[in-house]
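Student: Listed below are the residues making up each chain.
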Amino acid sequence: DAGVIQSPRHEVTEMGQEVTLRCKPISGHNSLFWYRQTMMRGLELLIYFNNNVPIDDSGMPEDRFSAKMPNASFSTLKIQPSEPRDSAVYFCASGGLLGGHRDTQYFGPGTRLTVL
Amino acid sequence: GESVGLHLPTLSVQEGDNSIINCAYSNSASDYFIWYKQESGKGPQFIIDIRSNMDKRQGQRVTVLLNKTVKHLSLQIAATQPGDSAVYFCAENSYDYKLSFGAGTTVTVRA
Chain A
1 DAGVIQSPRH EVTEMGQEVT LRCKPISGHN SLFWYRQTMM RGLELLIYFN
51 NNVPIDDSGM PEDRFSAKMP NASFSTLKIQ PSEPRDSAVY FCASGGLLGG
101 HRDTQYFGPG TRLTVL
Chain B
1 GESVGLHLPT LSVQEGDNSI INCAYSNSAS DYFIWYKQES GKGPQFIIDI
51 RSNMDKRQGQ RVTVLLNKTV KHLSLQIAAT QPGDSAVYFC AENSYDYKLS
101 FGAGTTVTVR A
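Residue numbers (the working numbering), protein chains in the order written: chain A, 1 to 116; chain B, 1 to 111.
Certain hints may be false.
[Said to hold, decoys possible] Facing chain B, according to a computed beta carbon distance under 8 Å, are these residues of chain A, among others:
id, residue
1, Phe65
2, Asn71
3, Phe91
4, Pro109
These aren't lab readings, by the way, just hints derived from the structure by calculation. Glycine included, each C-beta is placed from N, C-alpha and C at the ideal position.
Kindly generate the complete structure, drawing on both the sequences and the hints.
Tutor: Structure follows, in structure tokens:
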């Protein structure tokens with residue numbers, strides 16, 4: 001199993017530009033999570049999908065952030081327009097709910113975003 | 001407010017010694033706990049988990065202990081190796097999908 005795949009691994013952009021981060025979850029997992037990690041705030045949950053449907057987006061910081069999951073094997077996190085304070089490492093994680101119970105979340109390698 | 005936190009931000013251990021990483025939690029409703037290891041430049045990697053109906057669980061070279069009375073969780077690493085150098089996070093869950101992560105403990109293994 002290749003695990004959770006994220007692209008790009010590094011992204012440097014200028015303030016005001018659109019940024020799109022991509023994630024391919026582990027095959028068979030029906031839950032997908034987007035997190036942001038910074039030194040100041042640690043790991044923050046941005047949004048959670050279950051069976052491709054957004055369940056909880058309360059962690060999305062602003063309307064500039066949006067996420068989609070068009071199918072079970074692909075998700076995107078978009079920031080438009082980007083700002084320097086968005087600089088962070090963004091992780092995608094996937095998990096499988098077994099019979100409705102909680103299951104472990106497996107993280108991807110992350111995308112390090114730098115907004116100049 | 002309720003939070004998950006770690007007692008010590010850093011831990012230096014001699015190669016071959018055992019490591020103990022501690023975690024305190026305050027949400028008495030939490031019933032599922034996970035330890036993650038994060039190496040530099042990588043995502044958090046699942047190490048071991050434990051549910052509240054257990055007080056001990058063992059994996060390969062790792063043991064997690066749960067003391068619900070004092071809301072304390074620990075991760076023990078036997079015979080610490082250089083590859084164990086990383087940041088270790090505990091995470092708690094009380095229902096559904098949300099994990100609350102601690103701040104993390106940086107473990108440095110001395111040769």
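Student: Mind checking the CB of Phe91 (chain A) against every CB in chain B and telling me if the closest is under 8 Å?
Tutor: This interface hint holds because 5 Å falls under the 8 Å limit.
Student: Regarding the hint that Asn71 (chain A) lies at the interface with chain B, is the smallest CB-CB distance below 8 Å?
Tutor: Where the cut-off is 8 Å and the nearest Cβ of chain B is about 20 Å from Asn71 (chain A), the hint is violated.
Student: Can we keep the Phe65 (chain A) interface hint, with Cβ of chain B closer than 8 Å?
Tutor: For Phe65 (chain A), the interface hint is violated, since the closest Cβ of chain B sits about 18 Å away, which is over 8 Å.
Student: Hint check: is the beta carbon of Pro109 (chain A) less than 8 Å from a beta carbon of chain B?
Tutor: This interface hint holds because 5 Å falls under the 8 Å limit.
Comparing the model with each earlier hint shows violations of hints 1, 2; every other hint is respected.
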